[in-house]
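Colleague: Listed below are the residues making up each chain.
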Amino acid sequence: NAGVTQTPKFRVLKTGQSMTLLCAQDMNHEYMYWYRQDPGMGLRLIHYSVGEGTTAKGEVPDGYNVSRLKKQNFLLGLESAAPSQTSVYFCASSPSSYEQYFGPGTRLTVT
Amino acid sequence: KNQVEQSPQSLIILEGKNCTLQCNYTVSPFSNLRWYKQDTGRGPVSLTIMTFSENTKSNGRYTATLDADTKQSSLHITASQLSDSASYICVVSAGSNYQLIWGAGTKLIIKP
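Heads up: the protein sequence lines correspond to chains A and B, in order. The working numbering puts the first residue of the first sequence at 2, with every later residue one more than the last. The working numbering puts the first residue of the second sequence at 10, with every later residue one more than the last.
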């Protein structure tokens with residue numbers, strides 16, 4: 002099992018550009034999450050999904066959209082990137098509302 | 010306001026020594042408390058999860074304690090190894106996985 006994978010690993014965007022981050026899990030987990038991690042701060046939840054076809058807002062959803070068309074994939078979109086979205090993005094999945102398994106992260110820089 | 014505070018921010022110890030990391034929280038309602046290890050450039054990996062009724066839990070050389078009355082937890086690392094160099098993050102759940110309050114972490118450096 003690959004666990005949780007994220008694509009891409011690194012990306013540099015110009016302000017105003019758009020992009021999609023892909024998260025895939027092969028553990029058949031119902032729950033998936035997108036977090037951002039900034040220096041000196043705890044992880045913050047952007048959006049999450051409790052099952053295929055469902056999504057919900059987390060703590061910091063503004064400027065991001067998500068989709069969960071297939072159970073194994075959770076996409077995070079930035080429609081118009083801003084420098085404040087420079088961060089490391091982590092995807093996670095869990096079989097229930099308990100232990101989470103994290104991907105390796107995507108380092109995004111917006112100039 | 011729900012908060013998780015960790016101390017110290019960073020810690021340097023010699024290989025083979027023990028250390029204890031602290032976590033204080035003000036989270037309500039309380040569901041469980043977790044400790045994660047995050048290596049540089051990697052995602053967090055779960056070490057322990059403790060519910061209200063558990064006051065000690067071990068995972069190899071890692072032992073976590075929980076005092077729900079004082080709202081404090083600690084992570085004790087015994088006989089440290091170079092591979093223990095990482096950030097250790099305390100996380101408190103207020104119910105479900107989308108109600109997690111994350112601490113900023115303690116950066117631990119083990120020197121040979």
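By construction, these hints were calculated from the structure, which means they are not laboratory data. Among the hints, erroneous ones may be present.
To be verified - Here are some chain A residues the structure puts well away from chain B; computed CB gaps all over 12 Å:
{"hint": "1", "residue": "17"}
{"hint": "2", "residue": "50"}
{"hint": "3", "residue": "64"}
{"hint": "4", "residue": "100"}
{"hint": "5", "residue": "109"}
What the hints assert, rightly or not - Calculated cross-link-like contacts (lysine-lysine; reagent style DSS-like; alpha-carbon spacing at most 27 Å):
{"hint": "6", "chain 1": "B", "residue 1": "120", "chain 2": "A", "residue 2": "58"}
{"hint": "7", "chain 1": "A", "residue 1": "10", "chain 2": "B", "residue 2": "10"}
{"hint": "8", "chain 1": "B", "residue 1": "120", "chain 2": "B", "residue 2": "80"}
{"hint": "9", "chain 1": "B", "residue 1": "10", "chain 2": "B", "residue 2": "120"}
{"hint": "10", "chain 1": "B", "residue 1": "26", "chain 2": "B", "residue 2": "116"}
{"hint": "11", "chain 1": "A", "residue 1": "15", "chain 2": "A", "residue 2": "72"}
Computed from a predicted structure; not experimentally measured. Where is the CB? At the ideal position from N, CA and C, for every residue including glycine.
Colleague: State for each hint whether it applies.
Modeller: Structure-based check of each hint:
no.: 1; hint: 17; result: holds, 28 Å
no.: 2; hint: 50; result: violated, 10 Å
no.: 3; hint: 64; result: holds, 19 Å
no.: 4; hint: 100; result: violated, 5 Å
no.: 5; hint: 109; result: holds, 14 Å
no.: 6; hint: B:120 to A:58; result: violated, 42 Å
no.: 7; hint: A:10 to B:10; result: violated, 34 Å
no.: 8; hint: B:120 to B:80; result: violated, 31 Å
no.: 9; hint: B:10 to B:120; result: violated, 37 Å
no.: 10; hint: B:26 to B:116; result: holds, 16 Å
no.: 11; hint: A:15 to A:72; result: violated, 31 Å
Checked against the numbered hints given earlier, this structure breaks hints 2, 4, 6, 7, 8, 9, 11; the rest are met.
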